[in-house]
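A.B. asks: Chain by chain, the residues run as shown.
Number of protein chains: 2
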Amino acid sequence: MYCCFFSEPVSPAFAPTTLKFPKHIHCDVDDKLNKLAEKIFTRSQIGPNHTHNEISAPYEVLQYPIEEEADRSYFEKKYHTQGDNSLKSSIGHIDAAYDSVEDEEAEFLTAFQRIAINGNEISGVPLNDLEEASKSLVKALMIREKYMAVSNQYFPKVTARFLQSLEEKAEFNKVNYIGEKKSILDHPIHAPPTAGDPFNVPLQESVHCSLKMKQGIVYVYKDEENLMENKPIDFPYVDLKSFLADQNLMYAFISDGPLKSFCYRRLSFLSAKFQLHLLLNELKESALQKTVPHRDFYNIRKVDTHVHASSCMNQKHLLRFIKKKMKMEPNVKVCKTKDGKEMTLQEVFQSFNMSTYELSVDVLDVHADRNTFHRFDKFNAKYNPIGESRLREIFIKTDNFIEGRYFAHILKEVMSDLEESKYQNAEYRLSIYGRSRDEWDKLANWAANHKVYSDNVRWLIQIPRLYDVYKSNKLVTCFQDLLENLFLPLFEVTNDPSSHPELHSFLQHISGFDSVDDESKSEHIQFDAASPQPEDWTNDTNPPYTYYLYYMYANITVLNHFRRERGFSTFTLRPHCGEAGNVTHLVAGFMLAESISHGLVLRKVPVLQYLYYLAKVGIAMSPLSNNSLFLNYQRNPLPEYFARGLNVSLSTDDPMQFHFTKEPLMEEYSIAVQVWKFSSCDMCEIAMNSVLQSGFDHAVKQHWLGPNYTKEGVAGNDTTRTNIPDVRAAYRYETLVEELQSICLGAKSFDYEHTKKES
Amino acid sequence: MYCCFFSEPVSPAFAPTTLKFPKHIHCDVDDKLNKLAEKIFTRSQIGPNHTHNEISAPYEVLQYPIEEEADRSYFEKKYHTQGDNSLKSSIGHIDAAYDSVEDEEAEFLTAFQRIAINGNEISGVPLNDLEEASKSLVKALMIREKYMAVSNQYFPKVTARFLQSLEEKAEFNKVNYIGEKKSILDHPIHAPPTAGDPFNVPLQESVHCSLKMKQGIVYVYKDEENLMENKPIDFPYVDLKSFLADQNLMYAFISDGPLKSFCYRRLSFLSAKFQLHLLLNELKESALQKTVPHRDFYNIRKVDTHVHASSCMNQKHLLRFIKKKMKMEPNVKVCKTKDGKEMTLQEVFQSFNMSTYELSVDVLDVHADRNTFHRFDKFNAKYNPIGESRLREIFIKTDNFIEGRYFAHILKEVMSDLEESKYQNAEYRLSIYGRSRDEWDKLANWAANHKVYSDNVRWLIQIPRLYDVYKSNKLVTCFQDLLENLFLPLFEVTNDPSSHPELHSFLQHISGFDSVDDESKSEHIQFDAASPQPEDWTNDTNPPYTYYLYYMYANITVLNHFRRERGFSTFTLRPHCGEAGNVTHLVAGFMLAESISHGLVLRKVPVLQYLYYLAKVGIAMSPLSNNSLFLNYQRNPLPEYFARGLNVSLSTDDPMQFHFTKEPLMEEYSIAVQVWKFSSCDMCEIAMNSVLQSGFDHAVKQHWLGPNYTKEGVAGNDTTRTNIPDVRAAYRYETLVEELQSICLGAKSFDYEHTKKES
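Order-wise, the sequence lines are chains A and B. For what it's worth, this note's numbering labels the leading residue of the first sequence as 3, then goes sequentially. For what it's worth, this note's numbering labels the leading residue of the second sequence as 3, then goes sequentially.
Treat the hints with care, since some could be wrong.
The list treats identical chains as interchangeable, and a pair is accepted whether it falls inside one copy or across any two copies.
As the list claims (entries may be wrong) - Listed below are the simulated EDC-like cross-link pairs for lysine to aspartate or glutamate, each with C-alpha atoms no more than 16 Å apart in a straight line:
#1 453 to 344
#2 340 to 360
#3 148 to 30
#4 679 to 371
#5 380 to 390
#6 664 to 422
#7 424 to 371
#8 664 to 419
#9 286 to 40
#10 335 to 740
#11 318 to 170
#12 424 to 225
#13 286 to 371
Hint data in this document are derived by calculation from the structure and do not stem from the laboratory.
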């Protein structure tokens, strides 16, 4: 802090020679330094011949700042040469590793400043460790590949390709670009709106199968006879024994010291490499984004990948809605008390001693605050407006006295806001509890009656892990009861759509399942071979997280096979996972789930984090939600995950509890951008991840991300829709390929050594 | 991280006795601990007789969490007793220091958990230091009081009262509550909308004074004769000599070691005390807020106290506006090139080789990003859409080829959004440069022609510190030319309103002056007695910050006296100050300005920070702006200032550069709340500060904050409008009173000692 008090007037010209220290011996260097200082100093002075940096004030700028001129000429050049093949001519700059690419692939090679690592040992760990680690990682990836394949869930092509080359002992293709880019003209970014009634779906004939749940899994039999003979149709799934064996292997991997160390190093390397990439290519990425006509962060598609339907409106919206209903329908009966009395909304408020006028956001008290941090119980209570479960019952339930009418209304208001925003989409969670067999029908009837549908919305079904509660309330006798309530209706409707016609049509709009509850509750029981089977799980204790997840996965797997056979849509498993609690949750997520929500605990488990990276497992993160519940905003691992290249998206979780503005998803993005200084390019990448993770149809994604979006790397990146510069797409892709290559090579040499010793 | 792999099945019941360590000798304590553990454990288990904490999942809560029941009963009690005098009965609880309060004051005494400091020496520093420090602080406060009084600017009553008691050697009144609270009924929160044309203001007769600027200050003479005889009207102001003397004194204070240490300790004490207050009273504050009918953070008044008009729209809004104009008026002539050619908007875009479709937010490139950090020059360039000063000229200038028509249009759109929001208001900055004498008339004509007015908006005039630029472009010959261009028109219109009729009416809506430029530019010159007078300041160097501020202050002071004599509105000085650069800026701000914008540098200057606290100097802070330019969000001192009780408000600065959503002020609040975990009560306090700092009329503020808002402490807090619980108001007020009391007592005993020695 320069501060000179009571000084004599300093002469306005800089006079360095008067500032010499005593006994200082003057030398040449001093002169040079003096000259430099004078030069720098005069640069900030104004003179008639000095024009640059002339004005720096937020009201008038006559000149461009230092880099501006360079940027402008670059930008203009880019702008006018867009579309020609100038990029091809710059292949010469590209790292030697890519010299061998074929001509037809050249069009996807992007010129930017690449970081190449040379030398023999490029992993930074002893060769032995590399080999061991690589083998473990490859094995873990193969486990996930198997689980995803059998359940019809997503596994990235590029990782699969490397794993396959390894099994076939073939050469690794470094890059794999095929096909040509289509222009925006042949495939508009707007998918055509759904025509007709989305709930009017043809009811296919029944296939007259028989169904029976045994040991927690539904078996499908061709007919009654096969059922009697116990000859189910052979729909593949991973049986309990294999699962437990694989799980044990995964547990061994994540606690293996050298592997932990290896993965930690690779992750640190990925962070550092990304930072280098930004320092070298940031301006280029930004300039490339400007060359994309029309497209910017506001008009690229983004999906709020994790929102609970019952809290998808913000607090102000809910308040206004309640006030509106009080004004318009004060005398409509809205609920029934336990003693059978029917009450109007006015009577309900009278019972609280409260008028509409008095109602405020403070009284509503649904917003999370300092007191909810690490208090999931308090947080849950926030779901009750004014702390009254009756209001929750009336306004945000699907199955109540008014048959969910108000909830449907407010949902439709939220959805219409989404539609108006055009580019924002959401995946709302609706609950199925598994307490009784008719829950699915009730939910489907609610949706069909109120026509709760929007092209901008897909549904996920969240299943709370509350067996212990139902059991203590004598709603179920064993865990299998719960599983039957959850899954049998889905098999029935798949077998014979006309048995549950509304459910059949509603299932078209449901893309998957979520598993929810407080993960931080301590689990005293481990899921292993000694755990009782679901039909024998009759004690009052809640089964562990993994137990729930395995049985959901197994049933979804069989169901997906059955539905594919019939030509129906299939489902994914996208549970809450790693928000808090034990790391075993994340192991289960890695094995069984297509993507997860939260994943905060990954920051403590380098092996899993690296595996999630290699397998591109989607992670829907909600830093504002975490900030109120489990982890302060500044400590959220999202920016680190993102830098390393994990497949992260931003989601709001509960706008009612966390957000203030009318656009919660934009608020979520805005805060992340401001606090973590994300660039526009970073934001677009996160938005693209959110579309990829979402359960919207392939055809819709083709509109949103481009017809080739499933292709690898730059070939799959349609800048005109994603607004992601090819430089970034190429960096991410090439980095992943290098990581895969490195561990596949490691695993291979291990096999070789191994074979040699044995022979 | 608890993680137990490959374990044998653990029996579901907790069996602590099996977990004994070998060689452990069993004792009584073990039994007790075991019992406790069992108790805690069973609490989280489910049994038919156990109902609490039964479910904790975000979909169904049957019970209330632990504190909820207590809260509810408290809340209900409060709710039903509201308005009665139950508070009076709790006076007994209040700290002994307040025992002496009169009965009529009792109604303002709020019951809450106070923190009392007892003992003889309560300041924590040696008595000598306390005395010295107190004397310096009192002297500094008296300096500010003098400058505020003479220029008709705000100085807090409570601080003035203590200073006066000191001069009169009277007793200090600890609290001072007079008057009664009015209910919301006699004074609605909505001020009546302005009737008629806001630009149709009666033109009073001329008073035929003569005006002349000498040594940088305008003098007013009764007539030409007095002018010839050099007998100006005696409007008081602080002359240069006194100012420099006071400034030297202030410089001595802020660099005085013991005083620095004293202030640092007091500030730390204030932080710690506030944290204690929150821990003790947070729940009470929150419960009290709920008892306020209807009012919540969304419907209390808030003012965006610092926004530049030319960037008050967000980037998306500007983009849409440009596209709209391109579509509606492509063939209207909008600008004139240097060689005299008139161009239409279409031609302008053709000259950029760009169509409307191609335009995106990325191309617009007005948003601050990672590259603007510590680069004010780059940031300034962001004011040029597409990097083209021509677009800035067309769209965000008041004085251009189309006479500022587009800028007026977009401003009116922004203002209409504000009006729709009802409770959001803003103070926009418009520029006067001082390059020529007709700037004021041009600006006023623009405002009057386009009827740029809103009840939700007040204007400030920002004066860039750009003398050096005008000088080098030969627009002025000495600094006094600039001052004359700035101030003479204002004196002329005050003398004779009909000489500038539009300006006369526009001045009704202008509340003050702002001083703007990059504060981080190094200043090589100190403002002292040797500095040339404005008429002699003819060199090319820019005068220092303080020089600008003093001459603005001195002229505003004289002008305010002149205008008060005539019954016209007066002006305040509210400069950018302490965003970066030298601490001398903050000294000038303390002496001359009613409030400042930014004040970041205060974090490094404890003496000034403490003085700003004692004198309640308003600080309009913009953490998002700082985050892009000078200081990372997490390091912003706002939460610290707020905890200590400084008068801080939140403002957006430049929504075009920093914000993403349609509600920039709400976005600013939301991010602050999320990152710093502010409570609803904290937010309401910041919002109230923003109204207090703003330049809206006293009558308007009475509507917004309550008729008694100028009263001290709880008496001035109208909870039904501010939504601030009296507990918080009382805490802030009593804390300030204790600080003032402590330093006044210190200063007094010093006087006493001093007198004794001399006698």
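A.B. asks: Hint by hint, which ones does this structure get wrong, listed from lowest number up?
C.D. replies: 1, 2, 3, 7, 9, 10, 11, 12
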